[in-house]
Amino acid sequence: MKAQNGKDNSEKPRRPGRPRGKKAGADNREQLMDIALTLFSREGIARVSLNAIAKEAGVTPAMLHYYFNSREALIEQLLEERFMPLRNRISTAFVEHQDDPVSAFTQMVRVLAELAEQNAWFAPLWMQEMIGEMPILRQHMQARFGEDKHHKLLTTIAHWQESGKLNRDLSPELLVTTLISLVLVPFSRLRTDERLKSVSPDTIVRHALAMMGQGIGG
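FYI, the numbering for the sequence shown is 5 to 222, going by the numbering used here.
Read the hints as simulated data drawn from the structure, not as lab findings.
Note that CB positions come from ideal geometry on N, CA and C, so glycine has one too.
There's no promise every hint is true.
Label-pair distances were calculated between CB atoms; the ranges are [to be verified]:
#1 L174 <-> E34: 16 to 22 Å
#2 A77 <-> E151: 21 to 27 Å
#3 A147 <-> D104: 28 to 34 Å
#4 Q102 <-> T182: 17 to 23 Å
EDC-like mimics (lysine to aspartate or glutamate), calculated; alpha carbons at most 16 Å apart, straight line [claimed, not checked]:
#5 K201 <-> E121
#6 K169 <-> D104
#7 K156 <-> D103
#8 K153 <-> E177
#9 K156 <-> E133
#10 K59 <-> D38
#11 K169 <-> D103
#12 K169 <-> D152
Turn these sequences into a full structure, and let the hints guide you.
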C-alpha cells in the first residue's frame, strides 16, 4: 500500500510472538539459555516455568516463545546444544582408553572437573537431577538414547573386573555414579558453603584421584 508521498508503507509479515522493537539474534537466544540453566540448577527443572525464565531475563513471555515455543522445546535444545557436547567429552575417555580402565576413569574425573569449573550450572544441576523428585534431564536422555549405552558400560566394567583390571568388589552399577559424585558434589557446594571456600578445583581432583587409587587406608 502506497501513501500520498509515493512510498510503500506496507510491512512485512511479522513472525508470531516476536516482540516489536527487539532485535532477534543468536546472542539473545544464548543468553536466555544461560538464564534457564542458572534457574534450573538453582531450583530444579521441574519447578521452573517459561514465565519464570522470562521474568528472570527481564523480557516478555512473547520474547521467550519466539525462540522456544514450549518448555519441552527449550529442554530439548539445551540437551542438544549444552549437554551433549559435555556428555561426548566425558565419553571420550572410554573410547581413548578401552583397555585401561584406570586411565579412563582418571581422565573422566579430570574432564568432569574441567567442565564443572567452566560451566557454573553443571554441578548443581547434576545434583538437582540426582536428588530431585523429577529427574527431567534423565527422562529426556532415556527417551532419546534408551539404556543401550548404559548397559554397554556395565558390561565393559564387568569385563575389566573379570580380566583383573578392576577391583572385583566394585559394583558396576555404582562405580560411575560414585566417581561423578566425588567430583560434582564438592563443585556444587563451592559457591554456597563457606567451609569449602579454601578448596580449589585442583584439590577436588587430587582428592577424587586419591580416593580412587588408595581409598582411605594409610
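Given the hinted pair K169 and D103, is their alpha-carbon gap at most 16 Å? 9 Å, holds
Decide if the proposed pair is consistent with the structure: K201 and E121, CA atoms, cutoff 16 Å inclusive. 14 Å, holds
Tell me if the beta carbons of A77 and E151 are separated by a distance inside 21 to 27 Å. Roughly 25 Å apart at Cβ, these two residues keep to the hinted range, so it holds.
For a C-alpha distance cap of 16 Å, please report whether K156 and D103 respect it. Holds, at roughly 14 Å.
Compare the distance between the alpha carbons of K156 and E133 with 16 Å, and conclude whether the hinted pair is satisfied. 22 Å, violated
Range agreement (Cβ of T182 with Cβ of Q102, hint 17 to 23 Å): At roughly 21 Å between Cβ atoms, T182 and Q102 fall inside 17 to 23 Å, so the hint holds.
Is K59 within 16 Å of D38, Cα to Cα? Status holds; Cα separation ~14 Å.
With the threshold set at 16 Å, check whether the alpha-carbon distance from K153 to E177 stays at or below it. The hint holds at about 13 Å.
For the pair supplied as a hint, K169 and D152, confirm whether the alpha-carbon distance does not exceed 16 Å. 23 Å, violated
For the pair L174 and E34, does the Cβ-Cβ distance stay inside 16 to 22 Å? Violated, at about 40 Å.
Against the 16 Å threshold, does the CA-CA distance of K169 and D104 hold or violate the hint? 8 Å, holds
Looking only at beta-carbon atoms, does the pair A147, D104 fall within the given range of 28 to 34 Å? 33 Å, holds
When the structure is compared with the earlier hints, violations turn up for hints 1, 9 and 12 and for no others.
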